[in-house]
Amino acid sequence: MHPSALSRAGFLGYGLLILAFLYLPLVAVGFASISKARYLTFPIRRYDTGWYAEAVASDTVQTLLILSLKVAGLVTVISMVVGFFGALAFARYHWRFRGLFQKLILLPIFFPQAVLGLALLMWFNALGVVPSWHTAVVAHLVWISPIATLIIAIRAYSFDPTLEEAARDMGCSTIQILRDITIPLLMPGVISAGLFAFLLSWGNFPLSLFTTGADSTLPEWLYAKMVSGYSPLVPTVGILTVLASVALVAVGLLVPAVLRRWRGGGAG
Amino acid sequence: MDRLNSRLGALAATPMLVLLGLTFLVPMLVVAAFSVMPPKVFDLWHWPDVSAYGEILRQGYWKSLAWSLGMALASTAILFVICWPLAYAMAKVYRRFTLVLTIGVVMTLFVSENIRLFGWVLTLMKGGLIEGYVRHWTGIGFDGLLYNVPVIIFGLVYVYLPFMLFPLAQGIAMVPDDARQAAADLGATRKRILWEIDLPLAAPGIVVGCLLTFVLAAGAIAESKLLGGQAVIVIADEVETAFTYGQNWPLGSALAMVLIAIVGAIAVVGVTRVDLDALMGRRR
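Just so you know, the protein sequences line up as chains P and B, in that order.
Sequence positions in the first sequence follow our numbering and run 2 to 269.
Sequence positions in the second sequence follow our numbering and run 278 to 561.
No incorrect hints appear here.
Label pairs and their calculated CB-CB ranges:
no.	chain 1	residue 1	chain 2	residue 2	range
1	B	284	P	18	49 to 55 Å
2	P	7	B	376	21 to 27 Å
3	P	169	B	320	51 to 57 Å
4	B	280	P	177	16 to 22 Å
5	P	57	B	453	52 to 58 Å
6	P	258	B	424	42 to 48 Å
No lab work stands behind these hints, which were simulated from the structure alone.
Virtual Cβ for every residue (Gly too), placed ideally from N, Cα, C.
Hey, can you work out the whole structure from these sequences and the hints?
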């Protein structure tokens, strides 16, 4: 049943429409970020890039940036490691409580994040831990490391277990198998999980809200400014964080493609 | 081999179990414990009482709960209708465009939810992108489109679209082309193929997509705050208020427990019916 050219075009148009719908609000933010007026109204009369210069020079923005980077970096590293082993337990090994484990992994993803943040706040309080960006890392991990696990698990499902069995029959130890077979085969999954982890932590707001204490991440600062005391820097800083994510995704997509071509060229 | 397999499985699961045990399961127990404490205490060394739950019944918090669940249901239904054709096209019609669409949709997930909602505020407000240009071109102004219930549902539909789209596409990809072809050859109409082949065979994806959107939308807070103003107060907002302005942790915990119980029951029932291995593409 091959769809006709007409219905194919219709589906394509629908897809483009949905994409336009998803990106329209960002276009509005983009316009707002280059409006000269302090109080924004459309249509914009005078354009100006002054807010960008101000945002880049601002000390507050730099502090927020460094803090957000630290949180996202730590979350990325930890969830890559935990997610790698989690994915093996999720998809590869057939052990007794695998079904239960799979459900446990899904539970935090299904959970309202603001409630999760509050629950953690009470737990930290009971433990006597003062919330700071360190506790925000913990909060992000609860939600992001299960997602990393799922992403790596997709890769682990498509991997042939007989490779590991063959290596074991040839006398390899578990560590050797892990180093020479499992890790290289799952590496693409681990890298994309790391990319997801970084970007999800970078943009996360509801988990940070209650768990950063006196510190603040970029999305938290943006929210605070949106709700009270609007600043013309809000759209500008918002667009800058979006551009940072886009740049990272572009690198993540391009580097493997370039490497493949380069290797292919070298062999041919 | 089996014994080795089960030992390695348990070993590999350990880091995740420790992490989720300490940062997910124990905090849930803390919430449960706080929910049976007397009002306005900040530690757990008191005799339990259930006054917080009584408070929920008396103060009309059920209205917020009903709004949250109702809007979540509406946005789930709307999303299913919007996403089905797109998911179908991603699985069966598009070739390279599937990749473009996937990257395009995933990218939006990396932009903080509040920036995207703020973008809708700029688009829909009085003097915003839509009203501003309509007035500029036609000379007829109107009030902004914000601060009502439909716009909150619109926001939920917007934010949770990827969570419906990807599971649906995955589910539809599981429908074998042969089955659809055979039904068509035997004279089934399109509608009949949809009802008797596509929907039942794609059921795991449908269940996961609907569950995910419903559960996330029921616990959502930013949409009603940023787009809805004070049109309605959702349950997650009540929880937050009880913790922050109210300084009443037991009340907040009891409200959270009610939300957790409803959402958790729905999620557990749904998830246990789905074969995750098949949905995530295990090799047969």
